[in-house]
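Fit chains A and S to the given chain U structure using the hints.
So you can see what is in the structure, the chains are spelled out below.
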Amino acid sequence: MNNKSNNSRMVDYFSKFIENISKPKDWKLFATLFAGKMLGLAAVVAAMIILPGLITGSEAHAADVYTAHETAVINSVWTLVAAALVFGMQAGFVMLEAGFARKRETVNILVECTLDTAICGVSFWAIGYAFMFGAGNGFIGQQYFFLQDVPATYGTTGVAILAHWIFQFAFADTASTITSGAMIGRTSFRGDIIYSVFVTAFIYPIIGHWAWGPDGFLALMGTPGHFLPTLGQPFRDFAGSTVVHTIGGMVSLAGAIVLGPRIGRIFLRDDKERGGLPAAHSLPLATIGAFLLWFGWYGFNPGSTLSAMDYEGIGRVAANTTLAACTGSLAAMFCALWIGPFKGKFDTGFALNGMLAGLVAITCPCYWVSPFGAVLIGLVAGILVFAGVYLLEFFRIDDPVGAVPVHGLNGIWGTLSLGLFASGQFGATGPLGADNTAPVRGLFYGGGFDVLKAQAIGSFTITFATLAVSLLVMYGVSKLPYPFKLRVEPEGETGPGGLDVFEHGAEAYTD
Amino acid sequence: MNNKSNNSRMVDYFSKFIENISKPKDWKLFATLFAGKMLGLAAVVAAMIILPGLITGSEAHAADVYTAHETAVINSVWTLVAAALVFGMQAGFVMLEAGFARKRETVNILVECTLDTAICGVSFWAIGYAFMFGAGNGFIGQQYFFLQDVPATYGTTGVAILAHWIFQFAFADTASTITSGAMIGRTSFRGDIIYSVFVTAFIYPIIGHWAWGPDGFLALMGTPGHFLPTLGQPFRDFAGSTVVHTIGGMVSLAGAIVLGPRIGRIFLRDDKERGGLPAAHSLPLATIGAFLLWFGWYGFNPGSTLSAMDYEGIGRVAANTTLAACTGSLAAMFCALWIGPFKGKFDTGFALNGMLAGLVAITCPCYWVSPFGAVLIGLVAGILVFAGVYLLEFFRIDDPVGAVPVHGLNGIWGTLSLGLFASGQFGATGPLGADNTAPVRGLFYGGGFDVLKAQAIGSFTITFATLAVSLLVMYGVSKLPYPFKLRVEPEGETGPGGLDVFEHGAEAYTD
Amino acid sequence: MNNKSNNSRMVDYFSKFIENISKPKDWKLFATLFAGKMLGLAAVVAAMIILPGLITGSEAHAADVYTAHETAVINSVWTLVAAALVFGMQAGFVMLEAGFARKRETVNILVECTLDTAICGVSFWAIGYAFMFGAGNGFIGQQYFFLQDVPATYGTTGVAILAHWIFQFAFADTASTITSGAMIGRTSFRGDIIYSVFVTAFIYPIIGHWAWGPDGFLALMGTPGHFLPTLGQPFRDFAGSTVVHTIGGMVSLAGAIVLGPRIGRIFLRDDKERGGLPAAHSLPLATIGAFLLWFGWYGFNPGSTLSAMDYEGIGRVAANTTLAACTGSLAAMFCALWIGPFKGKFDTGFALNGMLAGLVAITCPCYWVSPFGAVLIGLVAGILVFAGVYLLEFFRIDDPVGAVPVHGLNGIWGTLSLGLFASGQFGATGPLGADNTAPVRGLFYGGGFDVLKAQAIGSFTITFATLAVSLLVMYGVSKLPYPFKLRVEPEGETGPGGLDVFEHGAEAYTD
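Residue numbers (the working numbering), protein chains in the order written: chain U, 1 to 511; chain A, 1 to 511; chain S, 1 to 511.
Same chains, same names: a pair is fine if it fits in one copy or spans any two.
Quick list of in silico lysine-lysine cross-link-like pairs, BS3-like style, CA-CA up to 30 Å:
#1 LYS345 with LYS485
#2 LYS479 with LYS343
#3 LYS345 with LYS272
#4 LYS343 with LYS485
#5 LYS343 with LYS272
#6 LYS479 with LYS345
Hints listed in this document are in silico derivations from the structure and should not be mistaken for laboratory results.
Chain U with its partners taken away, still in its complex shape (with noise of 0.2 Å):
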């Protein structure tokens, strides 16, 4: 654009020295007088014209014009590649879900997870998406209410907005999926509609704001004329250790504690014999699903620099993510193998959610840290996954699939870890709202305390208030009147068929 300009501005010159030297009837005075002048002159325009031409000309229009076009179309296919990667979760959570679940309360799970993504794409459309990623303040987005009046791009990366739209909604799936966990087997169907409802259009989206909203107090966090403005460090959350999964993790802790254990539960400290986890009723579902996550976390973290630009970062975003599922994999594993209560036998369970505990806890700091960094972090969430599950048991919560051990406890140790394992090697990316592109530095690597203190701000902030406000919607709608109230009748939990037939008039396998 600037260059056209200037362009027209040179031919505009061009002409008026053309008219001028075509005219002029006495050559021999003006040759005399401006000849040699002229020359120079001429020399110099030819040069203006010539080196800017040669050294900076293209590339100005390359990075102006062509490059923008570019750019924009290279970015959104990845976005919404990766979109469709994140998406395809879906299958993954429905299968581990429903695999760790017990066969009566199966066909609950596969429609509620059915549900949950067609009301969490409707109020994603209307309200969500907005709350969250609309301009407002610091607390809430006030901007793009039913998508519309939205600009053509998203933000400086140029990814077409509907295509950042359909990423955030896959996001806000996954969150919306996660809730559902430790709620299995005993929340009537019309409660699961009402507190679904709460959480995509609602807690979901503007908590996440705070975070990840082009105002958001905690992405703005660190910035002069803002939240606590000499930290000098916003919370930095990459993919959505903390946006996405512990909050998801901790409204499932909120659903959890409200409904009480499924009848029947025996837990391991009132029970040795008896005791312990809850038989799952299909593991090759289970164990398929969590394959097909960690699949689709090929599209949830890398994709989430929103630009494939950086492609080094990419390619690094992935291969942290690699390595922290396979070390939390064997980390919880030879856990349970090792001192475990059912120790000697290589389980499952913990093989699984200890590489979706490794996932997890990587998400937030993925860009950040090195493959050697993210090795670390995985052994750690395997352990603290291992940990997390038998400690939910000795508090008699029951979490039929592991969700807030894996998704709320992880997402706090993944953002945590950013402060301590940032290795100063790399600025910022992503759908961050602060300008932030200093190399991020943790404790380990000379850092200092900066990094973990925005960090335990922000993570602390979150999962409390979510913690808080999930509470609160849980209670009110267990004191809803039947049938909306929170928890199933006893008999939809005991009648043959359990809650499958209860709710749904159907088993989930038949001859």
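Chains A and S alone, transformed into the frame defined by chain U:
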């Protein structure tokens, strides 16, 4: 690098040159004799060189030479990734059909889908692609048999021709897999092979040529010198509501009519106690299959641009696809909850078939409607699939997976919906033969009836042609001698182990 | 190129010009005589500078500076998406192996595949990638241990090095998963861990280095100064028929030989009534797994270009992959229908293993053959897998999933087939160390025996080396003391709950 230093050397040279020529004292003589003429000449030459160079040269260059390769690369990658996603839908179809079937006919579906895919690949290589995408006349293509003498790229998008072939193979395979949906449980395997060859080698590609061939009569409809020139509108089917889904659904319907219902199938109007939809043998399989289909649809619809250059367009297509799936699922599930014969239950089958109905319906109009339009199109699709399932019950047509309401009926609805909801903001793109870059505007957006008329003509032509030809083929195969006739011997249905042991010597599950 | 020589011509011109203008003493005479000439010359010089600058300058610029980044971006995205698809094959392998297994050994497969993947990630990070892709000597790589001191991008494609790592990790994981195929149902879990570490940390990467390392002796074979210089042909394995599949299949064969058959496995030659292939416990799982593998193969083969720049090439690779899968499936299924011991039935196992056999066979030659060649290569692969399965039956080797015929045998066939079917139209690309851009022409296309010889040398070298080393490793592990020895205790096989309860304390399915 090298270039730059050359440039700077040139700059040094120039400075010296200018120093030299601006110093000489005796310019008078020189100027008197030559200066004017030479300066004029120099200025003209410079202008001739500089002006086109700066204004159009480098831009044209980028567009003609450089971008052509880049565009081809990006579009081929986009098309190949989309093709992979569409092919991945086969896994989804296998799961959906097997899950909705009875256990005794499950292996039959598995082998049938595998063989259909294999037959489709070979026949689409040999003649299918030629009939469909070769130039010929309005009714059939006549180039590219056995992929011989194909050009390097397809059309104007720069997509490598074999990338286009594989994308279109995956579409043909989808249509082919749909055809088996309503024929589950009583079709002989040899009969299945025979009619499948007809469908993938002749019915789908030849009828598809009408809408998507370079000179198809529906694609060129409304163009001067072609069919119905005064209409001024071609038939538009962005990603195949009609071409893939209606064709697949109509062949399926023809098969179900000619075959009759499975032995022992009880219809609701005959027995209100025991009648109704047949029991699905594995709802987890069906649900995961539906999610994988939705996942693959992100290749099916956005990939149908065959180009990533219109990045806003592919974002819009993907977002519309999402929203229609969500509202379709909600609408069908709440119909079943509130007004169905089994009301009061949240039904898995309708949750899934509503989702698929929304996806089928949005497949035609996805490029030209707004997100709000997509929400409404999906809503109607969900209601239609509910009505369609019970309409088939009423007519005593046995369609175990709901292929006719999902693909047949909603293929028609989606195609017509463009004539109602096209927002008038977007022109054409995608695999359309006609040159129709003018914005498409439907009835509800002030565009009158013209687009609706064109859609109705195209949809009804293809619907009736497919149904008529398919009834003929199915009837013909049903009259072949044993073992090639369409319906399996009664002992194949009623014997121990069912169709699976009779045709395949195996049961789906063993201990 | 052109630009460079233009530039140097300009430099010469200028030197002469400056020589001239800096020498003359009598400027008056000079002006009188030469000014016209000089001005004309100046105009010509200016034109020479401006024209290339505008017409070819920006191209050189684009090629040198701009495209390098763009190419790296597109190729990294392409490689990462392909890597995700290849990783997704793990879900397919888990399903295929679990589905073909008996119910009592299913959990073992699930945990084994999970652990193998985790071990592979860690060992490929620590030493595997270094051995395989680091420079060193012809036999082993010696750079990049723990991914330290890696360059920013891999080779000349501009792919981010960690994107290359993850793509190659997914390949190593594939090879590692294949190894367990023929060892199902009687391998102790600790023994499995031990041999898996050998395979992923040493056998696969070191032998793989020979064919794909930057200085591997098979990759450089036929090059002056290297192994067999007079042959004039390197060993070519585009996407790993040999490197991934033959290595995986041969390790699997060594394990099956050392282990012996499962207790209770009856071979056909011993008992025609009850013998034959063991019952698969879930054919739906196996079928869906096979389709997911085919889906992932669209990353495996086209992604092996590591570059999207040759867009016709990636289209051709994907189309050839499709066609070989189709004809492989048809050939194996009709062999079983017409000539097998269970003839008259459409067999699921052969439909799926034929498909996979075609995919394995085309993996090596996919870049260099025509679609017609792919059709024939797949056809032969389907016949070979049928023969191979019954050959193992004859030798009383128990291979529950057919890993040896599918991956071992067809890996060899596919590698040799390049020497027969290479069409002579395409040069080299892909992860090949040698500079072999000359078109590759096989025997049937008039290229004589040279390519076939090179393929045979490479295939047989790797086949025998892998088999020999694997037999040693397996034999060594089989002699370890309990509980580390390779074969599980008899009660692990015959006890209630089978291997699953014995090793993992869980059954695959519960009520």
